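Protein chains in written order, with my numbering: chain R, 1 to 253; chain F, 1 to 426; chain X, 1 to 457.
These are computed hints drawn from the structure, not numbers from a lab. Remember, predicted model here, so these are calculated numbers, not experimental data. Cβ atoms here follow ideal geometry from the backbone N, Cα and C, with glycine treated the same way. Any given hint could turn out to be false.
[Unchecked claim] Reference excerpt, derived from the structure (chain R facing chain F, CB under 8 Å, subset only): (1) Leu57; (2) Val82; (3) Arg85; (4) Tyr108.
Each chain, letter by letter, is given below.
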Amino acid sequence: MSNSKILANGVDVYYGSKQALFGISMDIKEKEVTALIGPSGCGKSTFLRCINRMNDLIEICKVSGSIKVDNEEIISSSTDVVSLRSKIGMVFQKPNPFPKSIFDNVAYGPTIHGLVESKNDLEEIVHSSLKKAGLFNEVKDRLNEPGTSLSGGQQQRLCIARAIAVNPEIILMDEPCSALDPIATAIIEELIDELRLNYTIVIVTHSMQQAARVSQKTSFFHLGELIETGDTKKIFTNPDNSKTQDYITGRFG
Amino acid sequence: MNNSVAKEKIVSLRKKRSLEDMRFKYYGFTAMCLSLAVLVFLLYTIFSKGYTAFQKTIVLLEVDYNQEVLKLTPDSSDEEMEKGKFFRVKKQAIENFFPDLSKSDIKLVKKLFSINVDKEIKDYFLDNPEVINTKQQIWVTAHSDVDQLLKGNSRRDVPEDRRKLNDIQLSYVDQLVEENRVKQVFNNFFFTKADSRHPEIAGVAGSFMGSLFTLFTVFILSFPIAIGASVYLEEFAPKNRITELIEVNISNLAAVPSIVFGLLGLGVLLNVFGLPRSTPLVGGSVLALMTLPTIIIACRASLKAVPPSIKEGALAVGATKTQAVFHHVVPLALPGTLTGTIIGLAQALGETAPLIMIGMIAFIPNIPTGLTEPSAALPVQIYLWVESAERGFQEKSAAAIMVILIFLFMMNAIAVFLRNRFERKW
Amino acid sequence: MFFWSLVLIAVGIFSSFIYGRSRIKLNSKKQGTKSKSLPNYYAQYVLMWCLFPALIVYFSWAIFQEQIIQNIVISNFEFIEGAAYNEGLLLAEIRNVANNPSFADGKSIEIINAASHYSSLRQISQISFYLSIIIIMLLGALYASRKLKPEFHAQHTIERYIQYILIFCSSVAIFTTIGIVFSLIFESLRFFAEVSIFEFLFSTEWYPFIPIREGQTAAEGSFGAVPIFAGTFLVMGVAMCVAAPLGLLTAIYLAEYASQRVRKIVKPLLEILAGIPTIVYGFFAFVSVAPFVKAFGQSIGIDASPTSALAAGMVMGVMIIPFISSLSDDVINSVPQSLREGSFGIGANKAETIKKVILPAALPGIVGAFLLAISRAIGETMIVVVAAGTAPNLTGNPFENVTTVTVQIVVALIGDQEFDNPRTLSAFALGLVLFVITLFLNIIALQIVKRYRERYE
Chain R
1 MSNSKILANG VDVYYGSKQA LFGISMDIKE KEVTALIGPS GCGKSTFLRC
51 INRMNDLIEI CKVSGSIKVD NEEIISSSTD VVSLRSKIGM VFQKPNPFPK
101 SIFDNVAYGP TIHGLVESKN DLEEIVHSSL KKAGLFNEVK DRLNEPGTSL
151 SGGQQQRLCI ARAIAVNPEI ILMDEPCSAL DPIATAIIEE LIDELRLNYT
201 IVIVTHSMQQ AARVSQKTSF FHLGELIETG DTKKIFTNPD NSKTQDYITG
251 RFG
Chain F
1 MNNSVAKEKI VSLRKKRSLE DMRFKYYGFT AMCLSLAVLV FLLYTIFSKG
51 YTAFQKTIVL LEVDYNQEVL KLTPDSSDEE MEKGKFFRVK KQAIENFFPD
101 LSKSDIKLVK KLFSINVDKE IKDYFLDNPE VINTKQQIWV TAHSDVDQLL
151 KGNSRRDVPE DRRKLNDIQL SYVDQLVEEN RVKQVFNNFF FTKADSRHPE
201 IAGVAGSFMG SLFTLFTVFI LSFPIAIGAS VYLEEFAPKN RITELIEVNI
251 SNLAAVPSIV FGLLGLGVLL NVFGLPRSTP LVGGSVLALM TLPTIIIACR
301 ASLKAVPPSI KEGALAVGAT KTQAVFHHVV PLALPGTLTG TIIGLAQALG
351 ETAPLIMIGM IAFIPNIPTG LTEPSAALPV QIYLWVESAE RGFQEKSAAA
401 IMVILIFLFM MNAIAVFLRN RFERKW
Chain X
1 MFFWSLVLIA VGIFSSFIYG RSRIKLNSKK QGTKSKSLPN YYAQYVLMWC
51 LFPALIVYFS WAIFQEQIIQ NIVISNFEFI EGAAYNEGLL LAEIRNVANN
101 PSFADGKSIE IINAASHYSS LRQISQISFY LSIIIIMLLG ALYASRKLKP
151 EFHAQHTIER YIQYILIFCS SVAIFTTIGI VFSLIFESLR FFAEVSIFEF
201 LFSTEWYPFI PIREGQTAAE GSFGAVPIFA GTFLVMGVAM CVAAPLGLLT
251 AIYLAEYASQ RVRKIVKPLL EILAGIPTIV YGFFAFVSVA PFVKAFGQSI
301 GIDASPTSAL AAGMVMGVMI IPFISSLSDD VINSVPQSLR EGSFGIGANK
351 AETIKKVILP AALPGIVGAF LLAISRAIGE TMIVVVAAGT APNLTGNPFE
401 NVTTVTVQIV VALIGDQEFD NPRTLSAFAL GLVLFVITLF LNIIALQIVK
451 RYRERYE
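Chain R on its own, in the form it takes in the complex (with noise of 0.2 Å):
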């Protein structure tokens, strides 16, 4: 029996006057892939920014609830928020690499949290990182070219990179593969199996497919509520709510 990673309880978000997230309660094992999945404009991606505190970037969002990151209350004005971000790493849904080489783009992270001692230490760790993206085979003779000259592919395993390198223990991804071709994405979804042998990951998807191949546990969110949550052969097969069969099905989003 795996352990909670990530407890929310009762979690609303407001935008200004507009409640966007209705009392979300779920629990998040660790060392599993769990899939938050609903039609556009559901808050699954706002719920998502709320693991990391990347909805404070939002001036009029505020957020209300619990959420516990082992065992930790997150959402208090106690929070160390830095250190926070360097435990949970995120990919977004467009590949965002910095204009920086590829090696200063993974390198940043450990530099200034200090993970490393030494030079040979950090490139240690890229190529590490890098290998654990697979992209290092691809990119080892070219380490000093710039991030953004990369296939969008190859853009987001070195997003995806670049988050390993802080040695976090939970990944959120948001669409990770919404703006990748097939086969990139496909490339990337054997790459989120591997990674659930060492990180906790959660992913909002889109692709119901996507949710079925790579998740264990699955989420599915409509109009800001969290409609049902549960194993993610369960939740596609048969599923307590009927509106959860009806998204599944296909009857809307």
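Starting from the structure of chain R, add chains F and X where the hints point.
What follows is chains F and X alone, placed relative to chain R:
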């Protein structure tokens, strides 16, 4: 019947209206062409009045370096040679310039030569001490009146009392031309010498260095402060009244007339702080305050243009806001900021009024070597030369304008090049 | 002295950085815990505590040294009973003798004594300056190094200091404005203590020649600024007569008729007009336009002076064409297409659409552009100094020479400046008027343009 009259009216009205349409377009086109034509005419005027300044007139002078006259010997030491009586040598050379000159004639001949000739005779000797006791034919600088006459800038056909050179002197000049003892060469003085009371040896070297030092000061002061202010206002400032006040202040400062900044420099920097007058340090400080809004506006625009996804990526990796801004956002905004800075510096280069207020208008006959030495600046030098009564300065002021315009052109070209090369289309 | 001390400070902060970095590494090892921030942040912390106190010392000396020394020298000066002294000239003499001992010939013994006093004070000042810098850098580094414990989160503190620096940079603009307002008002008040405000604003005699040095004879000055204001408005009027039609028509042509290619070429060319230094325009006005105006005036029987409001005004007009054409072009372009389509749909031709629909719609923006151009024209100095003249003249005839506010400010301050003489102070009073009027115009212009934008966006 009525119908056809009405139809005619409509047709003629329509014709009138389309004529009016064409006329209106023509007015606009003419206005545009007229504006451009004035620009062309202005540049032409400057060029035509200034190109003669790049030539100087020199006269062939026979100098007898007789050691008796010089009171030197072939074995004189360097120190002794410095003290040789060169003015006597010059006096002799002038007396022998033409055959059979009367005393009054000699006075007239003397006025054909530049005051710099004394130095030129001396320098020739010091460079070649072996010419002692020989007669040498040296080319020396002519007086500005001769120079302007031969360039065609002053007229011969006015009555004698309205001319600088009288009839006798004119005949001398004509004689020199016939005998090929006068010619025009490239005027190196213009680029190597500082200001002078004598137009033929006046140059822009002093004011150019003054402008250089001033611009350096402007850059050092305004660039970091402008970036600091822009970063704060764009990335960190809370949206409250104080921030609004700062932003209003900056846009107001951009519209204050330059002479008011000069008064600020005079009233505060010179009076209250007692900083040294007429120096690039103070001039640069005043101009830096004027240039700040320009750079701030350019920097803020560049910061705004950096996509937020870059900052988000940095934050997601666990960077603090300060780290994300300074490691990622600011470097990407630098090209745009530099472009704006160069444009701001180009504007500062041409500013005159504030520099006059803080005293960079004194007559400085030497080339400055530091920020705290009194100096003039190029635009102020131009002003002084324009206001000068001597005709010889007019071509100099036009030539100095050409120098300034070339620099402005280069700076703007660099700015445009930078913008095209480094601007990212996000 | 001020250059070498900078070198000294640079050496100081460099060593403090190295010291800080090695110290924190040492402390971390000793305590066995990892420091909360990266070592460079601790080094930066020590550096800041070394640098900023040193800079405070540096600037205090730079700003106040001369004043203080001068005050001491003057207060110890052996004034001769009954003789009149001009403090400014006295100080200049003393400084000259102190800097060039050869100038001492012929000067009174009091001056020579004062000069040697001055020199010795400067030496003392220099020594104590260097000592202060070294001591304060050491003290700062010492204070900072006591905080070099691994629990101390240097990065947070450094980032807070950076915020302070950024806030300071932002407030430079405010300081500048305060400086401008303060110096203008302060000196103007001193002016108005001697010249009544009514005379200044309403009298028509501007004759500011009050004796500055002893022995100068002159009549009592009068400071009626009306001819000056009149001159400013006359030149500005001529300028707008040139710039308004040319600028507006050009803008209309570029916005509505010209092809993209023409726009791409012409717009930058017009911008060049704005970038040419005003002294160049002054030269042009003086050399080409003014003689032309004089000849033209004479040909139609008017006695034109060699420098005239017309010459200066016309050239100034050319200079502000880009202000009007650029801004009006933007404004006209932002009139929504739907208005044009409505007009064409009824069968109006282009000229009628422009004149009857677009221009009225764009009017507030154009008025704003005009106001900004006027503000620029009023504040312009060099063209008028060179081409319009310096003699105040209350007239409406543009062929005569007039003077403007800006010119008088320059004239009042060239040459001897005595800061308790109304002639010098008049510059500040005029400057205050100029500042207020241009500020006013700019605020109104921006408000109009803002409200116009709100209407259409």
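Hint by hint, here is what the structure shows:
1. Checking Leu57 of chain R against chain F: minimum C-beta separation of about 7 Å stays under 8 Å; hint holds.
2. Nearest Cβ of chain F to the Cβ of Val82 of chain R: about 5 Å, under the 8 Å cut. The hint holds.
3. Restraint check, Arg85 of chain R versus chain F: the minimum CB separation of about 4 Å is within 8 Å; hint holds.
4. The interface hint given for Tyr108 of chain R holds, since its Cβ lies 6 Å from the closest Cβ of chain F, which is under the 8 Å cut-off.
Hint compliance for this structure: every hint is met.
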